[in-house]
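Make the full structure from the sequences, and use the hints.
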Amino acid sequence: MSATSAVTPVTRTTPAHVAPRPPAKRSSRTGRPRSASSYLLGALAIVAALVWAFPVYWMVSSSLLPSARLRATTPTFFPTDSSLRNYERVIEGSSFLSALRMSLMITSVTVVAVIVFAFLAALAISRFRFRGRKSFIIAVLFIQMLPAEGMFIAQYKMLSEFNLLNSVIGVSILYTAAVVPFTVWMLRGFVAGVPAELEEAGMVDGLSRTKAFLRITFPLLAPGLVASGVYAFLQAWNEFTVALIALPAEQAKTLPLWLRSFMNASANQGIDWGQVMAASTLIAVPVIIFFLFVQGRMTGGLVSGAVKG
Amino acid sequence: MSTSTTEPSTAVDGSPPRRTPVRRRTTKLPYALLVPAVAILLLGMGYPVFWQIVTSMQEFGLAQQFGQPPEFVGLRNYAEIFSDERLWAVVARSIIFCFVNAFLTVAIGVLFALLMKAVGKAPRLVLQVALLLAWAMPMVAAVTVFRWLFDWRTGVVNWLLVQMGFERFEGHHWLAQPLSFFFVATVIIVWMSVPFVTLSVYAALTQVSGEVLEAASLDGADAWQTFWGIIVPMIRPVLSIVLLLQIIWDLRVFAQIRLLQDGGAPVSETNLLGTFIYELGVGRQDFASAAAVSIFVLLLTITISWPYVRSLLKEDAA
Chain V
13 MSATSAVTPV
23 TRTTPAHVAP
33 RPPAKRSSRT
43 GRPRSASSYL
53 LGALAIVAAL
63 VWAFPVYWMV
73 SSSLLPSARL
83 RATTPTFFPT
93 DSSLRNYERV
103 IEGSSFLSAL
113 RMSLMITSVT
123 VVAVIVFAFL
133 AALAISRFRF
143 RGRKSFIIAV
153 LFIQMLPAEG
163 MFIAQYKMLS
173 EFNLLNSVIG
183 VSILYTAAVV
193 PFTVWMLRGF
203 VAGVPAELEE
213 AGMVDGLSRT
223 KAFLRITFPL
233 LAPGLVASGV
243 YAFLQAWNEF
253 TVALIALPAE
263 QAKTLPLWLR
273 SFMNASANQG
283 IDWGQVMAAS
293 TLIAVPVIIF
303 FLFVQGRMTG
313 GLVSGAVKG
Chain F
-13 MSTSTTEPST
-3 AVDGSPPRRT
7 PVRRRTTKLP
17 YALLVPAVAI
27 LLLGMGYPVF
37 WQIVTSMQEF
47 GLAQQFGQPP
57 EFVGLRNYAE
67 IFSDERLWAV
77 VARSIIFCFV
87 NAFLTVAIGV
97 LFALLMKAVG
107 KAPRLVLQVA
117 LLLAWAMPMV
127 AAVTVFRWLF
137 DWRTGVVNWL
147 LVQMGFERFE
157 GHHWLAQPLS
167 FFFVATVIIV
177 WMSVPFVTLS
187 VYAALTQVSG
197 EVLEAASLDG
207 ADAWQTFWGI
217 IVPMIRPVLS
227 IVLLLQIIWD
237 LRVFAQIRLL
247 QDGGAPVSET
257 NLLGTFIYEL
267 GVGRQDFASA
277 AAVSIFVLLL
287 TITISWPYVR
297 SLLKEDAA
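If you're matching them up, the sequences are chains V and F in order.
All residue numbers for the first sequence refer to my numbering, where the first residue is 13 and numbers rise by one.
All residue numbers for the second sequence refer to my numbering, where the first residue is -13 and numbers rise by one.
Hints were generated in silico from the structure; no laboratory data involved.
Ideal Cβ positions, reconstructed from N, Cα and C, are used throughout, including at glycine.
Which stretches of chain F does chain V cover? Using the computed rule of at least three CB atoms under 8 Å from a CB of chain V, they are:
hint : stretch
1    : 25 to 31
2    : 129 to 139
3    : 258 to 268
4    : 290 to 300
Shown next, in the form of C-alpha cells:
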C-alpha cells in the first residue's frame, strides 16, 4: 500500500524557484582533474543503476529460458536462444486467466469507487469551511497510516459475518477504504489549485452553479482524477495482505495470490523457475509500463496542485 | 440544486471581486459530499477497529467458537499476551529490523541522490530509470524474483559468491537460518524502498542553491563539512519525513516476510509483528490475542505517525 503514496512529502518542498540555479558547468570550467573524478562518479552511477535494475532484468531474462538451462550450474546471463514457451505454458496450463479476471474486476470496482468517493470528499474539504472539517482531515490522515496488518483479522471476521469472503465486493470495500484517505488528500491539492473565481466567472456569464462546475472546474481536475485512478489501480493490482485473508478459496485468487500458490505448488519437485519468472513478468510488466508512463505526469500534477494549494 | 437560491444575491449586490464565495455559504452540501467517503471508512476501517477493541477485551476461546456468548474480561487478554515472552521477542525483532532497514534505506537513498546531483545528465537518467523500474515492481513479483536470485541450488547470488572465492556458499540455504533470512528480507526491502527516498531527496537537493555551496568551498570547507554543515540542514524537512515514513512502513512488513517464509524458513524464529498476528488469528484462531496485539500495533503506529500528520496539517493551513 505504501510505496507510491509517498509522493506527497516531495511536493511540499518543491517551490517554483528551481530555474535560477546555475547550470552544471563546473567540469568544463575547472579542467582536467575535476572531469576525471566526474567520469568516475558517472561510472559509479551506472554501476548503481545496473545493480538496481538487475533483478528486473533477471526476471525477464530467466522467463525466456528453458528450465534445463536454468538448472545448469553456470547461469545464463544473456538469453540468446530465448523462447516464449514458458509464457504459453503459464497462460494455458493453470488458473492464470481466472486470477486475471478476478484482479481486473476487483481493480475496476476499486478504481471507480475511489475516484467518486475521494473526489466528493476532496470537494467538500477544499471548497467549504464547515464544522467538523478539521476533525475529518485529521481522521483521514491517521487512517491513511494505519497498517492493514493491524486490522486484517478483524476484517476477515467482518467479511465472514457478512458472507463476503471470496467475493469481489468484499475485497473492494476493504481496498476502497484503504485507498480513499490518501486520494482525498491528493485530490484536495488539485481542487484547491483550481481557483473558485473561474467558476464564479462562469456563473456571472449566466451558467448555473452546477453547470459552471461541470464545464469549467471539472475538466481542469482531470489530471488529478487520472492520478487518483492510477494510484488506486496500482494499490489494488499489487495488494497481497488483505487479499490473503479475504480470498481464501482457490478459485477466488487474485494475481499476486495466484503467483504465490503457483510457485509453492511446485516447491516439492523443485520449482520451475522459468515458468515462475514468466508468471512474475506477466504481472509486473503492465504495471511497470503504466508506472513509467504516468510517473512523471503524476508527480508533476501533484507538485503543481500542492504549490497552488 | 438547493444552492441556486443563493445565486441571485451575487448579481444583486453587484460586487464581482468576492474572494471566496463558497466559504460563507452554510449549507448541508459539504456534509452530503462526505457521506460516501465516511461510510466506506466506517465500514472498511471503523467497524474492524471497533470489533477489535471489543474482542480484545473478551474471552474468545474454543467454547465461543461453538456458539457460547463471549465473556467480558477487561484487560486480561492484554495482561496475558504482554507477559508472554514470545510477544516481546517478536516486538524486539520487529523494532530492530525496522530501524536497521529504515536507516539503511535512507543512507543509501541519500547517497544515490547525491550521486545523481553530482553526475551529468546521461548517467543521471540511467540511474533514474533503474530506480523507477525497481519502484514499479509489484511486491509479490519482487519477492519471487529475489527468491530465485537467492535460490540455494541454482541462484545467481550463490554462484557469484563461489566465483569470488567464497566456496562455502556452494548450496548455501539463505532462508533456512533466521539471520540470513533477515538479510535477504533487508535486501528486498531496501531495494524496493530506496527509489522513493532517492527521488524525494534529489528533488530537495535541487533546491539547495549553488551559490551557498560555492561560498562554502571558497571558505575552504571540504565535501564532508559541506554535506553535514549545509546540505543536511537544508534538506532536513524532507529527510525527517522520509525517515519517519520508512520507519512506519518497515514496522508493518508482512507480505515480504510471509512470502519468504514459504521458502522453508523456521516460522516462529522469523515472525515479525504482522506475521505474528496472522499466526495468532488465522493459524490458531486465537482472536482475542490477535486483536490485542493488533490494537497495540495500531497505537504504536498512531504514536509514531503523529509528527508526519502534524506536518501535513500545516500544509493544509498554509
